[in-house]
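Please model the complete structure; the sequences and the hints are all you need to start from.
Chains as they are written, first to last, in the numbering used here: chain A, 1 to 247; chain B, 1 to 228.
Each hint should be verified, as a subset may be incorrect.
Claimed, not checked - Straight-line C-alpha distance at most 25 Å; calculated DSS-like pairs for lysine-lysine:
| no. | chain 1 | residue 1 | chain 2 | residue 2 |
| --- | --- | --- | --- | --- |
| 1 | A | LYS141 | B | LYS143 |
| 2 | B | LYS133 | B | LYS89 |
| 3 | B | LYS27 | B | LYS44 |
| 4 | B | LYS138 | B | LYS180 |
| 5 | B | LYS192 | B | LYS138 |
| 6 | A | LYS141 | B | LYS192 |
Don't read these hints as lab results, they were simulated from the structure.
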Amino acid sequence: MLGKGLADMMEASIGESVQVTTATGERAMLRVSGIFQSGIADADKVQCYANIKTVQKLLARPSSYYTDINVKLHDLLEAPAMGQELARRFGVDALDVQTANAQFETGSDVRNIISYAVGVVLLIVAGFGIYNILNMMIYEKLDAIAILKATGFSGSDVRRIFLLLSMIIGVAGGVSGLIGGFTLQNIIDNIPFVTAALPTVKTFPIDYSPKYYIIAVTFALLTTWVAGWFPARKASQVDPVEIIRGK
Amino acid sequence: MSATSNILEVVKVNKSFHDPVTVPVLKDVSMAVKRGEFVSVTGKSGCGKSTLLYILSTMDTDYEGQVIIDNEPTFGLTGERLSQIRNEKIGFVFQFHYLLSEFSVLKNVMLPGLKLAKRSAAEIEARAMDLLKDLQVKDQALKMANQLSGGQKQRVAIARSMINDPMIIMGDEPTGNLDKKNSEIVFDIFQKIASEHKRSLLVVTHDNDFAARTDRTIVMDDGRIVTS
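What follows is the structure in structure tokens.
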């Protein structure tokens, strides 16, 4: 099996034979059974695979000769533990995917931290906005709060009204944010993104995972709830006698 | 029917304002209001008559003594329970109407009934319409509250105070903002509530003509009841 870049360079197609030379000088004619594309152009230009038996024969080694075994897990997070377990049990060197890609991981962690930090700052700003609006509204509605209390609505009823108001803002904002986010994702998904290193990527890579939508909505609701809670508590503590007698 | 015919009983209520210095406002005030009685409270301004009313209304809880509403002592009850008592047993009419301008007249009247939730919304609406009809503002029912004249607003406020058929209706200068003609209308309505519906009324007023025509007038001076 040849990488696509390699096959193109050699103008080899499926069914044809290519001559393989090992580092020790052994030669063999092997038939091309398939062409693969990993998505990374540099790897596709140099890599090729053959049956393990063929390679062992080619290198003149016994059938117990293996240099590397790559294990792919359903859950990547289990890799470090499993690596240690395998190393201990068979006395081999085991390298888990996280350690092997530590540099890449750090890079994407830093990017994640930056984007979440920006998100949190925006939410705090929006939260203060809602807090201010509700505070002003309570001053405007003191009369209404006083009469509601005089006619038998309790402090917790009043608090519920204002919390409900802020949750309506939160839900409306959250839903429109989700729709806006999805639309933007769609637009970005269609912007061409062509690079020689990644031949299979034609547009910006987009992750539509619902996880991010859930995080966004959760934080939007949490922010509005907190921003609404303080003014709502203040409204619930309004003393109707002060308002009514003050007239 | 209750053990006594007193709807409202006040036993030795004392209250002081503490800011900036301690000033006693009410001194050993005791009184009672019977079922179906129309009582007015008068006195010079600053004599404590409004303060007394707000203690009776259960909205002011910072006092010593006991207020018994419909045989239930209210001193020390939770805010939640006091709200229920206000909702179910007391109606209020203030000098200012306090209608919610976001709602129609009908909704304003229905609001305390919807809170009590003893009857369905349709029944409350029917009762609200009846009350508005009694008070001759039925044709205004679907207008917004801020589109009415002062006298009409006050009549709507009275309808609101009656929606839950309370034991007692309390008024703080209910005619204070009204002209002679509208005051007259409000007085007649109150008298009708007392005589026909057998509800008690306790109205604080500085209008001596108004007070003279009620069943009983309580005169206060400097935090004490002078005549009752």
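Results of checking the hints against the structure:
no.	hint	in the structure
1	A:LYS141 x B:LYS143	holds, 20 Å
2	B:LYS133 x B:LYS89	holds, 22 Å
3	B:LYS27 x B:LYS44	holds, 16 Å
4	B:LYS138 x B:LYS180	holds, 22 Å
5	B:LYS192 x B:LYS138	holds, 18 Å
6	A:LYS141 x B:LYS192	violated, 33 Å
Checked against the numbered hints above, the structure breaks only hint 6 and satisfies the rest.
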